[in-house]
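So the protein lines, in turn, are chains P and E.
Using our numbering, the first residue of the first sequence is number 1, and each one after it goes up by one.
Using our numbering, the first residue of the second sequence is number 145, and each one after it goes up by one.
It should be emphasised that the hints constitute simulated quantities derived from the structure, not laboratory data.
Errors might be hidden in some of the hints.
As the list claims (entries may be wrong) - Coverage of chain E stretches by chain P, computed from C-beta distances (three or more under 8 Å per stretch; other residues unrestricted):
1. 191 to 202
2. 273 to 284
3. 294 to 303
Claimed, not checked - In silico negatives: residues of chain P with every beta carbon more than 12 Å from chain E:
4. 7
5. 17
6. 41
7. 62
8. 90
Said to hold, decoys possible - If you want a taste of the chain P side facing chain E, the calculated C-beta under 7 Å gives, among others:
9. 33
10. 63
11. 92
12. 115
13. 132
14. 139
Heads up, the beta-carbon is just placed ideally off N, CA and C, and yes, glycines get one too.
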Amino acid sequence: MTRLLVLRIVAKILIPFMLMFALYVQFHGDFGPGGGFQAGVIGAAAIVFYALIFGLPAARRMVPEPVVETMVALGVFLYAGVGLLGVALGGNYLDYFVLAADPVAGQHRGIFWVEAGVAITVSGVMLKIFYMFAGRRRDLEEGR
Amino acid sequence: MAVLAVGIALQRNLFAVVVLGGIYSFLMATVLVALDAVDVAMTEASVGAGVSTVLLLGALYLCGAEEARPLARPWLPLAIALVIVGALVYGTLGLPAFSDPQAPIHQHVVPRYLNEALRETGVPNVVTAVLASYRGYDTLGETVVVFTAGIGVIALLRVPRRRDGEPRR
Numbered sequence: 001m002t003r004l005l006v007l008r009i010v011a012k013i014l015i016p017f018m019l020m021f022a023l024y025v026q027f028h029g030d031f032g033p034g035g036g037f038q039a040g041v042i043g044a045a046a047i048v049f050y051a052l053i054f055g056l057p058a059a060r061r062m063v064p065e066p067v068v069e070t071m072v073a074l075g076v077f078l079y080a081g082v083g084l085l086g087v088a089l090g091g092n093y094l095d096y097f098v099l100a101a102d103p104v105a106g107q108h109r110g111i112f113w114v115e116a117g118v119a120i121t122v123s124g125v126m127l128k129i130f131y132m133f134a135g136r137r138r139d140l141e142e143g144r
Numbered sequence: 145m146a147v148l149a150v151g152i153a154l155q156r157n158l159f160a161v162v163v164l165g166g167i168y169s170f171l172m173a174t175v176l177v178a179l180d181a182v183d184v185a186m187t188e189a190s191v192g193a194g195v196s197t198v199l200l201l202g203a204l205y206l207c208g209a210e211e212a213r214p215l216a217r218p219w220l221p222l223a224i225a226l227v228i229v230g231a232l233v234y235g236t237l238g239l240p241a242f243s244d245p246q247a248p249i250h251q252h253v254v255p256r257y258l259n260e261a262l263r264e265t266g267v268p269n270v271v272t273a274v275l276a277s278y279r280g281y282d283t284l285g286e287t288v289v290v291f292t293a294g295i296g297v298i299a300l301l302r303v304p305r306r307r308d309g310e311p312r313r
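If we strip away everything but chain P, and leave its shape as in the complex, we get (with noise of 0.2 Å):
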């Protein structure tokens, strides 16, 4: 393990950064380029980069996997919410001008929370094949 030192010290450097990008990439998506979609990615690259480095079970440790597949489900479930939301407040289905008494700023509302539903569910996806492929030997000599 001492041989990896650089690689932890530059990791611990690193995923930090990642994710502050990766919130970045998410808030910031309204006015430069990104989105729920690209945040979700690097946010999860982020935590597959720390388990490339140490080792899958610290990060299953850290983001533990019922985490993951609750956050599969979450988004898909907060981004049809946000439609129905639209409905139960007299709109249409995904209608985010009746979101608040501004119909802009609904339009904000609506957009921050269906790009969060995107990001949750793409990160926790992407984390979970990785779980699903990184630990499938492990499991399956664990299993039976």
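Got chain P; can you put chain E on it based on the hints?
The following block gives chain E in isolation, referenced to the frame of chain P:
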């Protein structure tokens, strides 16, 4: 990029193929930046070069890194591929010139998006406005597709729990 594609096709070591594929994705991302499609370039760089490279390496770890020699020379698929390439290149000759403002695709809804998006949604990035608001249904569909892909991988690859009911870890 053409050199890389030929290299990927000829290479027998799958590890090298994965690395070449990552390089290809990064070059593609650069091309997309040059075409002013920064959103797509970010996706290409992070998904194509980042996550999918790692996933392919994970798959290689499971199934070995050497491609089996093909039993027959695949001349027929090569011929079909060349014919399709010829047809596609012939098809591009009929397209309007690159970034021609009079092209049909720029005449339909694009002016409305570009002119009205900021006023209607308050979001300066038109790509985000179109993606999340004007085309909200499509994006919901895409999210469901990603969700379905995740569910499919879980269903296919999940290691079953033991019969006595103990969890697998």
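Results for each hint:
1. 191 to 202: That given contact holds, which follows from 6 residues of the stretch 191 to 202 of chain E lying within Cβ reach (below 8 Å) of chain P.
2. 273 to 284: holds (count 8)
3. 294 to 303: With 7 residues closer than 8 Å to chain P, the stretch 294 to 303 of chain E meets the three-residue bar; holds.
4. 7: holds (15 Å)
5. 17: Given a closest Cβ separation of 14 Å, the condition holds.
6. 41: Residue 41 (chain P) is in fact no farther than 12 Å from some Cβ atom of chain E, at 4 Å.
7. 62: holds (15 Å)
8. 90: Fine: 17 Å to the nearest Cβ keeps residue 90 (chain P) off the interface.
9. 33: holds (4 Å)
10. 63: Check failed: Cβ of residue 63 (chain P) comes no nearer than 15 Å to chain E, outside 7 Å.
11. 92: violated (10 Å)
12. 115: This interface hint holds because 6 Å falls under the 7 Å limit.
13. 132: holds (4 Å)
14. 139: Given a least distance of 4 Å, the restraint on residue 139 (chain P) holds.
Of the numbered hints listed earlier, those contradicted by the structure are 6, 10 and 11.
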